[in-house]
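Chemist: Take a look at the letters that make up each chain.
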Amino acid sequence: MDIATIVQILESTLRLATPLLFACLAGLFSERAGIVDIGLEGKLLIAAFFSAAIAYVSGSAWLGLLAGVAASVIFSLIHGVASITFRGNQLISGVAINFLASGMTVVIAQSWFHQGGRTPALTGDARFERLTLPFAEALRDVPLIGHVYSQILSGNSILVYIGLLCVPLSWWVLYRSRFGLRLRAVGENPAAVDTAGISVVRLRFWAIIIAGVLCGIGGAYLSTSLAAGFVREMSAGRGYIALAALIFAKWRPWQGLGAVLLFGALEAIANRWPNLDLGIITLPNQFMTALPYILTVVILAGFVGKAIPPRAGGEPYVKER
Amino acid sequence: MSSRNMPKWADVLLVPLISLLIAFALSALVILAIGEDPVRAMAIMIKGSLGSTYGWGYTLYYTTNFLLTGLAVAIAFQAKLFNIGGEGQATIGGLGVALVCLFIPWPNWWMAIIAAILASALFGALWAAIPAFLQAKRGSHIVITTIMFNFIAASVMNYLLSHVLRPQGAMDPATARFDNVLRLPRLHDILAPIGIDFSRSGPANVMLFVAIALCILGYVLMWRTRLGYEIRAFGQSEAATHYAGISSVKIIMIAMLISGALSGIMAVNSVMGGPQRLVMNAVEGAGFIGIAVALMGRSHPIGIMAPALLFGFLYQGGSELAIETTIPREMIVVIQALVIMFTGALDNMVRQPLEAFFLRRSGRG
Numbered sequence: 001m002d003i004a005t006i007v008q009i010l011e012s013t014l015r016l017a018t019p020l021l022f023a024c025l026a027g028l029f030s031e032r033a034g035i036v037d038i039g040l041e042g043k044l045l046i047a048a049f050f051s052a053a054i055a056y057v058s059g060s061a062w063l064g065l066l067a068g069v070a071a072s073v074i075f076s077l078i079h080g081v082a083s084i085t086f087r088g089n090q091l092i093s094g095v096a097i098n099f100l101a102s103g104m105t106v107v108i109a110q111s112w113f114h115q116g117g118r119t120p121a122l123t124g125d126a127r128f129e130r131l132t133l134p135f136a137e138a139l140r141d142v143p144l145i146g147h148v149y150s151q152i153l154s155g156n157s158i159l160v161y162i163g164l165l166c167v168p169l170s171w172w173v174l175y176r177s178r179f180g181l182r183l184r185a186v187g188e189n190p191a192a193v194d195t196a197g198i199s200v201v202r203l204r205f206w207a208i209i210i211a212g213v214l215c216g217i218g219g220a221y222l223s224t225s226l227a228a229g230f231v232r233e234m235s236a237g238r239g240y241i242a243l244a245a246l247i248f249a250k251w252r253p254w255q256g257l258g259a260v261l262l263f264g265a266l267e268a269i270a271n272r273w274p275n276l277d278l279g280i281i282t283l284p285n286q287f288m289t290a291l292p293y294i295l296t297v298v299i300l301a302g303f304v305g306k307a308i309p310p311r312a313g314g315e316p317y318v319k320e321r
Numbered sequence: 001m002s003s004r005n006m007p008k009w010a011d012v013l014l015v016p017l018i019s020l021l022i023a024f025a026l027s028a029l030v031i032l033a034i035g036e037d038p039v040r041a042m043a044i045m046i047k048g049s050l051g052s053t054y055g056w057g058y059t060l061y062y063t064t065n066f067l068l069t070g071l072a073v074a075i076a077f078q079a080k081l082f083n084i085g086g087e088g089q090a091t092i093g094g095l096g097v098a099l100v101c102l103f104i105p106w107p108n109w110w111m112a113i114i115a116a117i118l119a120s121a122l123f124g125a126l127w128a129a130i131p132a133f134l135q136a137k138r139g140s141h142i143v144i145t146t147i148m149f150n151f152i153a154a155s156v157m158n159y160l161l162s163h164v165l166r167p168q169g170a171m172d173p174a175t176a177r178f179d180n181v182l183r184l185p186r187l188h189d190i191l192a193p194i195g196i197d198f199s200r201s202g203p204a205n206v207m208l209f210v211a212i213a214l215c216i217l218g219y220v221l222m223w224r225t226r227l228g229y230e231i232r233a234f235g236q237s238e239a240a241t242h243y244a245g246i247s248s249v250k251i252i253m254i255a256m257l258i259s260g261a262l263s264g265i266m267a268v269n270s271v272m273g274g275p276q277r278l279v280m281n282a283v284e285g286a287g288f289i290g291i292a293v294a295l296m297g298r299s300h301p302i303g304i305m306a307p308a309l310l311f312g313f314l315y316q317g318g319s320e321l322a323i324e325t326t327i328p329r330e331m332i333v334v335i336q337a338l339v340i341m342f343t344g345a346l347d348n349m350v351r352q353p354l355e356a357f358f359l360r361r362s363g364r365g
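Heads up: the sequence lines are chains A and B, in that order.
Heads up: the first sequence at position 233 corresponds to 233 in the working numbering, and the numbers run straight through without jumps.
Heads up: the second sequence at position 340 corresponds to 340 in the working numbering, and the numbers run straight through without jumps.
Because the hints were derived from the structure by calculation, they are not lab data.
Some hints could be false.
To be verified - Selected chain A positions facing chain B (in silico; Cβ < 8 Å):
| # | residue |
| --- | --- |
| 1 | N89 |
| 2 | L91 |
| 3 | I92 |
| 4 | V95 |
| 5 | V107 |
| 6 | G302 |
Said to hold, decoys possible - Result set (BS3-like, lysine-lysine): computed pairs, CA atoms no more than 30 Å apart in a straight line:
| # | chain 1 | residue 1 | chain 2 | residue 2 |
| --- | --- | --- | --- | --- |
| 7 | B | K137 | B | K80 |
| 8 | B | K80 | B | K250 |
| 9 | B | K250 | B | K137 |
| 10 | A | K319 | B | K8 |
| 11 | B | K80 | A | K250 |
| 12 | B | K80 | A | K319 |
| 13 | A | K250 | B | K137 |
| 14 | A | K319 | A | K250 |
| 15 | B | K250 | A | K250 |
Claimed, not checked - Per the computed footprint, the stretches of chain A lying under chain B, defined by three or more beta-carbons under 8 Å from a beta-carbon of chain B, are:
| # | stretch |
| --- | --- |
| 16 | 74–88 |
| 17 | 237–244 |
Note that this is a predicted model, so its numbers are computed, not measured.
We treat Cβ as the ideally placed atom computed from N, Cα and C, and that holds for glycine.
Just need the whole structure built from these sequences, with the hints factored in.
Modeler: See the structure below:
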């Protein structure tokens, strides 16, 4: 395997990890506040559709992004009304969100574009163009730095960089801001937060709105950067892989970045070599596809360090009277 | 889920019916929004699924699937376990059916169906066993692990169908067709001797009666046996059952094994009764519809029968809709999502005003 191949794999790792990263951070905010979110998949999908649709109609990827974020936030609010306001089962609400997105995207796409549930291909400004980072050209020939900076990091869509910046930002918000402290507290012991005179309901709604925004960017990235347009079911289980990454990272932001890069690398390798020949055995493509899920089960089983979710996760908060 | 503040009939019938009406009203709005006529859509659906024995043949075929997956989810729900893995368990159950049908030369269909039911139940139960064990022993959340196992099952099936079970020279990832001897009697064959002329092409078959029998058995198990009592008690209060000396590991394992086995048996209908070979995605989302069916039926083995028929109607009606109008087949996924949302997650939205209403009435009387 030569350097060019490695660079290629790492480059595609970064691109494939980005939608996972947004969804993983979205799950992080939601679950840290005690709202279990298996609706990440649905939010990615609905955002991917509305981003592509509006980007196509308006010719602007940025307007598309805005529409995708709005759609995703609306789905977040539905989840919030069901699981916070009406104290419904968060898992069931998440399942419903995923089906709603899966059905609605195709129904609306068919009605708007008549192309079998997809949007027309996006061109020009309807897609996010690739950015060349400063000095990337100058550093291109420097060994190692040139490979990493000019070839892997540079030349991606702006959303990739926004995603990477969201990691330290999320860390800072969760661990260094007052809002973050309260948010984490509400996921562990909402009664204590309530006693301190802070509204549990409001905090949790903020958390899921943040989750909606992040999922929205992730979905927009799928259809206006990674691909050129929406196709049905294009989220393809990424919301669930992000959920897996979140568990893998034990609900922490930096580790989340590590987990999505790992899962992104698995996808990149599976794309590059459909059947991976390791000398002794040949791993079929399907094994690589299943690996993130297998790893998550192993982690959940507690064989490689225990993954302990936020304590109040999944339980509606009932105010004492 | 039971409530002390309103009569039982309201709890069991009125709440799901109102939720269903809201879900249907919103679906009608979606149909209006995409420029179609909801009344005409409903008429096409009714005619296409219930208007002929041909339509009934498909409606009841889908109903059979949903009876089994709905029962599977319902029994796990009774133990407060949310088995989202019906899809994966049915996929692996299908593998059991295919192995039994392809590699053993059965002399007739009824011996084959018994073997296929046993094999699919075994395979489905085994696929549920790992998440169940991890939940019982290591506290891994069953919802997440069963979701993961759905994806792993899809990969396993993809691999087996494209590399191992595909006949030489065949292009599509599927097994060979089963021997014609194994063709299950369809409603046409069953009803013809008693003089009822039923359409030959509808795939509804003997598995319908197996599914109904299993629902009745499920009722007997849950409400007439000690084990059923223990499962329900565990679902109501884990702590209480612990003090009563009931092992939580045992209950979780048994409830999930039964649930997995029932999901697996669904594949006998969708593989042996349908295309008579194992194809990719033979389950077609029935595992997930089971969730909606169980929620509407209040997790009661008899209660799920009506919702299973309703979804059978929606499935067949949705196909007809896609043929006759511009409404795509995915419209039923939207309806399914709304039903899950309103009967499941937003249950309190309907329940709270109703409870208040009944409280006021009983206060006056």
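Chemist: Work down the list of hints and note, for each, if the structure agrees.
Modeler: Going through the hints against the structure:
1. N89: holds (6 Å)
2. L91: holds (5 Å)
3. I92: holds (4 Å)
4. V95: holds (6 Å)
5. V107: Interface hint status for A:V107: holds (5 Å vs cutoff 8 Å).
6. G302: Check passed: Cβ of A:G302 comes within 5 Å of chain B, closer than 8 Å.
7. B:K137 with B:K80: holds (16 Å)
8. B:K80 with B:K250: Satisfied, since the Cα-Cα distance of roughly 14 Å is no more than 30 Å.
9. B:K250 with B:K137: holds (10 Å)
10. A:K319 with B:K8: Holds - the C-alpha atoms of B:K8 and A:K319 are around 27 Å apart, at most 30 Å.
11. B:K80 with A:K250: holds (25 Å)
12. B:K80 with A:K319: holds (24 Å)
13. A:K250 with B:K137: Within the cut-off at roughly 20 Å; holds.
14. A:K319 with A:K250: Cα-Cα ~28 Å, so holds.
15. B:K250 with A:K250: holds (29 Å)
16. 74–88: holds (count 7)
17. 237–244: With 4 residues closer than 8 Å to chain B, the stretch 237–244 of chain A meets the three-residue bar; holds.
The earlier numbered hints are all upheld by this structure, with none contradicted.
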